[in-house]
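**Student:** Each chain, letter by letter, is given below.
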Amino acid sequence: MIRLPRAPLPLLVPAMLAVALLVVPLIGLLQRAPWSSLGTRLADDAVLEATRVSLIVSFSAAGLCLLLGLPLAWVLARVDLPFPRLVRAVVLLPMVLPPVVAGAALLFALGRRGLIGQWLDSWFGVTLPFTTAGTILAATFVALPFFVTTVESALVAQGRDLEEAAAVNAAGPMTAFATVTVPSIRGAIGAGLALGWARALGEFGATITFAGSIGGRTRTLPLQAFLALESDPESAVAISVLLLAVSLGVLVGLRGRWLTR
Amino acid sequence: MALTMHKAYRIMPLIALVWALGSCSSDDGETLIFAASSLAAATDDIDAELRAEGSVSPPEWVLAGSSRLIAQVRDGARPDIIVAADVSRLDEILDLGYVVVDEPRIANRLVLAVADGNPARINSIDDLSLGAPLIGLCAPEVPCGATALRVAEEFGLTLRPDTAEPNVRALAHKLAGGELDAGLVYATDAASLGLQTINDARLEGADGCKNPAVTRYGIAALASPSEVGAPSPATTVDRYLLPQVLQQAGFELGRC
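These protein sequence lines map, in sequence, to chains L and U.
Okay, so the first sequence: first residue is 0 according to numbering that gives the first Met the number 0, each after it adds one.
Okay, so the second sequence: first residue is 0 according to numbering that gives the first Met the number 0, each after it adds one.
Don't take every hint at face value.
Computed far set for chain U versus chain L, every beta-carbon distance over 10 Å [to be verified]:
# : residue
1 : A106
2 : L133
3 : E140
4 : F154
5 : T162
6 : G177
7 : A190
8 : R201
If you only want the chain L side, here are some residues facing chain U, beta carbon under 7 Å, derived [said to hold, decoys possible]:
#  : residue
9  : F82
10 : R87
11 : A88
12 : R111
13 : T131
14 : S212
15 : I213
16 : G215
17 : L226
18 : E229
19 : P232
So the derived list for chain L, only partly shown, Cβ under 7 Å to chain U, looks like this [as the list claims (entries may be wrong)]:
#  : residue
20 : G110
21 : P128
22 : G211
By construction, these hints were calculated from the structure, which means they are not laboratory data.
Backbone N, C-alpha and C define an ideal beta-carbon position, used for all residues, glycine too.
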């Protein structure tokens, strides 16, 4: 049993201030929540539809993070890249880019008149804006850095020894990656997935700019909440309470499963 | 003793936070105007005109959806003037020291705007019912979307939008960027962004407010300005909402 030292005041006071900063707005939200009509508001067709879109989009984005982000994290941690700092900064950029600007950037690149989008349109007849695929792309764009940085730092902390030993004993580096590296950092992968998923779930700015807002296709819960603020603020608060509950549930659940060790 | 000290520390940050929030004040004497997003088409020109005249300095504009502006006023914001794209919403703030100002009578009209070059060959508002072109509208929750619904009802259209944008500027910019083929935006947004428009006689009737495409703005101003000898609400509105500039921007004045 480890005994924690008593927290010194210079740490305790700012820590409590930070907690207050995070918690006070949540209390503000909760005390405005229409508790008595919460059920009927959330059972509203538009809200159910937005919930479905949100779940599809956030989990697809988390899946894409795993598919694309895990190899990227490994490359960043293990390969001697030219200009490593620059490459890392580029990976982190979506975190600081205002999401609305990220959405505009996606339009400039993948929109119907965009850099790549115009070819997608004329060659394949594919237009990403205003589709669920576009919404997933926007969510993945903003979520990817959270996943990559989490996994990369775990890989760096772990070092190369284990992997190299495995590569000597077993077959090629790909087998070592799959059988040794991935299982050994599964805690970090879970944490990265949780962070990326949460970011994708809350994503608003890039989505509205790149994918627009249409029920059942691109209108996620945050978009539905934003729209509801125009006509029915209580419904917007109800949706936010739902988002809070879902993300808190998933994050706490994942923490119990993966992050504690 | 140690325990109670700990409890005190727990509350202190909260007190500090409440105090910090309470002492914030943004009152610097500048006139604050809350206006519907569609007013964006005229704010720069009004500012320029006021600077040229030199009588009053340009106001501070806050542009957003009318419902959001009303909600902010209900939550304690105190703009000197509020211009909503929906006259009826002003009723919600009349108990907060605001009075409705009747002049100028500003209206706006929905037009059929298309992407540059009209790639989808849109001819009339009937084409908004087609499935193929990418159609954008405002969400029904905001005034420009409600007006679009009224147009659809009046002329028997089945609108099938590919996106329902949260405000008219977002919609107009997507048309300007060629991401959408067609949409119903205000005449003022089409004018300020140089959008190509398609004439449709049904939207253009000169019958003022009776045409479903026309929507009138509601204006309210603070009834009791704090300073002694302050101008009346009507005078304040008169100083900033310059009719000739609004008309140049494509707003319709006095007809509705």
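**Student:** Against this structure, judge whether each hint is valid.
**Tutor:** Here is how each hint holds up against the structure:
no.: 1; hint: A106; result: holds, 21 Å
no.: 2; hint: L133; result: violated, 6 Å
no.: 3; hint: E140; result: violated, 4 Å
no.: 4; hint: F154; result: holds, 22 Å
no.: 5; hint: T162; result: violated, 3 Å
no.: 6; hint: G177; result: violated, 4 Å
no.: 7; hint: A190; result: holds, 22 Å
no.: 8; hint: R201; result: holds, 25 Å
no.: 9; hint: F82; result: violated, 33 Å
no.: 10; hint: R87; result: violated, 32 Å
no.: 11; hint: A88; result: violated, 28 Å
no.: 12; hint: R111; result: holds, 5 Å
no.: 13; hint: T131; result: violated, 12 Å
no.: 14; hint: S212; result: holds, 5 Å
no.: 15; hint: I213; result: holds, 5 Å
no.: 16; hint: G215; result: violated, 11 Å
no.: 17; hint: L226; result: holds, 5 Å
no.: 18; hint: E229; result: holds, 4 Å
no.: 19; hint: P232; result: holds, 6 Å
no.: 20; hint: G110; result: holds, 5 Å
no.: 21; hint: P128; result: holds, 5 Å
no.: 22; hint: G211; result: holds, 3 Å
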